[in-house]
Amino acid sequence: MSHRVIVPIGPYHPLQEEPEFFQLYVEGEKVVDIDIIIGYNHRGIEKLAEGKHYDQVPFLVERICGICSSSHPYAYVLAVEDILGGEANVVPERALYIRTIVNELERIHSHLLWLGLAGHFIGYNTVWMWAWKYREPVLDMFEMITGNRNNYAMMKVGGVRRDIKEEDISIVKKMLDELVPAVDMFKGAVMDDPVIQARLKGVGILTKQQAIDWCVVGPTARASGLNIDVRRDDVYGVYDRLNWNVIIEKDGDIFAKTVVRILELYECVSIIRQCLDKMPKGEIDADVKDIPSGEGLGRVEAPRGECLHYVKSDGTNRPVRHKIRAPSFMNVASNKVACIGGTISDATITLAAVDPCYCCTERVAVMRKSDNEKVLNGWDLIKLSQEKTDKIKEGMLNARPQ
Amino acid sequence: MNIKKTALTKSIWVFHISAGSCNNCDIEILDCLTPRFDLERFGIQLIGSARHADALLITGAMNRKSVPRMKKVYEQVPKPCVVVAVGTCACSQHMFRDSYNMIGPLDEILPVDLYIPGCPPKPEAMISGIVKLVTKIRKSK
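So the sequences go chain by chain: A and B.
Just so we're aligned, residue 282 is where the first sequence starts under the numbering used here, counting upward by one.
Just so we're aligned, residue 7 is where the second sequence starts under the numbering used here, counting upward by one.
Okay, chain A solo, but in the shape it has when bound:
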């Protein structure tokens, strides 16, 4: 009969950048249960959005998460344009292409970032340094196109805020050409390395049925054999006019998740190239004035999966309700099945494999306790101690002969 021990990780720990608290229940080396406690990042963004007008909200929602800082505003403007009659009817052609380009550049930088961190977690610091080295040119492209390395402020209801200059297009194309050999190198380094294969294959498996049961999305779902991708299933931008593939793997382990992300990098590069070639000249902003009353839904395939925004309007200049569901909300919960049964040394990479983003996830923090569980703080303990003294006192008083 083995002994069950709780290993607390967090909230401030070197494993991940954001604060979050894991409780691993282990028996020997084996993880038997896991609790994920979050709420260290909750900023009340949905409530703040109700106090800002429609053009201010994109600046707020892009600060939900630093990595998905074009997916969230994109999903929001899609939701507002849904009230106006759909993105394709409202937004000018050129703006659609620019939106697609920014969204795909973001996917490249996010996947490279994850690849580096994953390499760091399994002890391949070289992969970390390489991945982040080749991520820098992507950030340079962002700086050239949007003016900032992160938080791009490109999305606007009815269009985009900045145009891509003609002279920048050739520079971006050249930078993409230089990126492809780096991705080739990563592909070789990950797929042919026997140590990485031994470390990642068969670890943290999420089967197809489990993926369906836990509603996972994005690369996590595609690595488990689920054929879902919002870019294809609920077309936005110009994805229906381009040639690209949805990458699907069957194994559901961490190796499959890595392969999906690496192969998606090639698709991103190809999508951006096609967009730059096909992009027409013209207006970039439809100059939307009023938002009529109604409800709208926007879905975007963020680097981590489906990102959903819901906006309710009553005809004034502010949303009445703004609801956000980020991809990590579903993906993080799947750790509950992926981690259990593995060893404690594999827990690190398994927890990181879904590319969790706790800043995205923490829209509402509700702590739920089961009925038979009781949490005592310092005051409760002092009170218990004092009550015990009182009881003993009473007992002695009663025992004393009258």
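Each hint should be verified, as a subset may be incorrect.
To be verified - No more than 25 Å apart at the CA atoms, straight line, and that leaves these computed lysine-lysine pairs for DSS-like: (1) K16/B - K85/B; (2) K468/A - K414/A; (3) K482/A - K617/A; (4) K482/A - K468/A; (5) K77/B - K414/A; (6) K128/B - K446/A.
No wet-lab data here; the hints were simulated from the structure.
Please build the complex by placing chain B on the supplied structure of chain A, with the hints as guidance.
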């Protein structure tokens, strides 16, 4: 210059705390350590335990749940230490000032030595800030 200051300003080991941030400042801090900027050549290193730290890099808009934990981490850092507010959120709470879940700006909670504004500050800005701080500590008596 006394021995404490010499120890504090040579090869600074930093510990990073996120108190309700959006990840951007955190990633730019990590970015400082990777090949393009490579702060490790100056001995600046991100470490896993606050007990070894010389400097605390604090990001985020001071979330109600994370501030008590942040204070606990601050108590574990050997003194004298340096507290750096990275990003506009940590300096002045940015657009989250009116949120119901925010306590107050960082300098009302901990003594702050250096403010690096920006959303997020560029790695160059962070490096320049650290250099200014080190120069200032070395010059002070």
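Hint check:
1. K16/B - K85/B: holds, 15 Å
2. K468/A - K414/A: Holds, because 16 Å separates the two Cα atoms, which is no more than 25 Å.
3. K482/A - K617/A: Given pair K482/A, K617/A holds - Cα atoms ~19 Å apart, limit 25 Å.
4. K482/A - K468/A: Holds: K482/A and K468/A sit about 15 Å apart, inside 25 Å.
5. K77/B - K414/A: violated, 34 Å
6. K128/B - K446/A: holds, 24 Å
Checked against the numbered hints above, the structure breaks only hint 5 and satisfies the rest.
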